[in-house]
Every structure is written in C-alpha cells, then in structure tokens.
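Please model the complete structure; the sequences and the hints are all you need to start from.
If you're matching them up, the sequences are chains A and B in order.
With the first sequence counted from 1, adding 1125 to any position gets you our numbering.
With the second sequence counted from 1, adding 605 to any position gets you our numbering.
What the hints contain is simulated information worked out from the structure, not anything from laboratory work.
Predicted model, so just to flag it, every value in this text is computed and none were measured.
Among the clues, some could well be false.
[Stated by the list, open to error] Only pairs whose alpha carbons sit at most 25 angstroms apart, straight line, appear in this in silico DSS-like list of lysine-lysine:
(1) 663/B - 1224/A
(2) 1159/A - 1310/A
(3) 1233/A - 642/B
(4) 1320/A - 1310/A
(5) 1234/A - 622/B
(6) 1262/A - 622/B
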Amino acid sequence: MDKTGYSLVENTIIIKRELNSLDIFVMEFIEVLKKHTDYLIVSGFVSISTGRTRGTEDVDVIFPLIEREKFINLFKDLIKHNFWCYQSDNPEEVYNYLKNFQSIRFAKKDQLFPNIEFIPFDSTKKLKSFEFNHPQKIKISNFEFKIPPIEFEILYKELLLSSQKDMADARHLREFFSDLINKSKLEEYKNLITKYKK
Amino acid sequence: MKETLTDLDYVSIYANKLKENPDLFKQHAELIDSQIKASKEIFKKKFGTRNFNENARKYLRAIQLIK
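This is the structure:
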C-alpha cells in the first residue's frame, strides 16, 4: 500500500488525510464564494493544510476586486450561510473597504476565530495577479480548492514575508513536496518575485 | 560535539515523517480541532450570543484588528 502523504493525479495534489474543523470552515466559505467570484487561498493555510502543525487565526483568500452589486450578493449569501463580517453588517459599508483595497474578515456566526481574511487585488498587483493566474489544484477528502504553485508559495514566504513563522512554513513545503518541486520553476519565480517585490 | 537542532530542523524532520506516514495527520487534526473548539467556547462566553457581533467589534477595535 502507498504510504506517502500525498499524490499527484492529473495535476491535482491529493493530500491523504481526513478533513479537520479548519478545513470544514474554509470549505464552507469557498463553497459560497465560488458561486460569485474566482479566488485563491494563499499563505498559512497552504502549509497548514499540507501538514504543518501550528495554530492559526486567519486564512488568507485573494480575489480580483468585483463590482459593488456582485459583492452585495456575495455578502448576503455568506450571511445566509451563517458567516458574519468583522467590519459591518451593512454590505454597502463593507464594500468601501474593498474599493480602497483594504481586506475584510469573515467568521462563522457567534465565533471570532478562525476567520477568512478576504483580500482584494487588481492588475497593478503583479505578484498577486501572477499566482492567481497560475493556480494549483489541491484536494483533501471531498474538498478541492486552489492555491498558488508550491514553488511560488515557498519563495513568496522566503523572499517577501520572511518572518520566523513564514520561514518555517516554507521549510515545511520544501520538505513535504521535495519530490514535486521543479527547480526551473523555483528559478523563474525567484526572478519574478525579486523583480516585483517592493 | 553534538550539534543542536534548530526549530527549522524540527520542521524538516516532522515534514519528512509526515510524508512517509500520513497517520501523523491525526495529531495534526487533534491540534487544530482543539484550538478551534477552545476559541469557540472562550468567545461565546466572552461576548454572549444576543449581541455577539457588536461586542466582538468593540473587542476587535480595542486590539486594533479593525478600525
């Protein structure tokens, strides 16, 4: 029997484990979100969902800024599915944050953590646009979602974020996916991140 | 002299063990599930359920997580 922690099937990474409560929280959010807009899950959850054993309070989800009306429909749908927004119960008010490219947060009703940090971007954000346009599919049990290419995520954490926590997350990804990591992609993404990091 | 392992060394060791033995994901789930369960209980107690959003927002402003 195959005893590895993951496999790659038709370009989708399959993590061999059952869903935990954090996955279920994220899955419930993504199920609503994807009816309204495209998205990418980035940063800590990429490492945690692939086995990095650490606690977390938020899950970062990036999305291209959407029109006001579209957002209001999404907001109402999230409320209907028992989420609440930290910033306000009024979607018009919350949209003002998004249009200024400020992130907003959603948690489940009567809960504070974990929360989704919902981060808008546009085409001027070159690195966010790049990772968004090069998604890697990943599946845990019946939950399939999109993350950046593993090589990109590693380098983003190492070269741009660089905190102790990010360096440990990157190390986890380097080791866990050592059979999957493509060295030429690492080189390509290193150049890209170096070019666009401020 | 025996070399001291760093935090990053332990991350590497655990990632490699996990790669070879997915049963270790059970420990991973236990940690995450217990963190979420504890947080749920603490904040429900702290903010109640009648005015949860308003009470939580006061707290979030105090810790500067929202403006």
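Against the structure, the hints:
1. 663/B - 1224/A: Holds. Residue 663/B to residue 1224/A sits at ~24 angstroms (cutoff 25 angstroms).
2. 1159/A - 1310/A: This hinted pair is violated, its Cα atoms lying about 28 angstroms apart.
3. 1233/A - 642/B: holds, 13 angstroms
4. 1320/A - 1310/A: holds, 15 angstroms
5. 1234/A - 622/B: violated, 37 angstroms
6. 1262/A - 622/B: Status holds; Cα separation ~24 angstroms.
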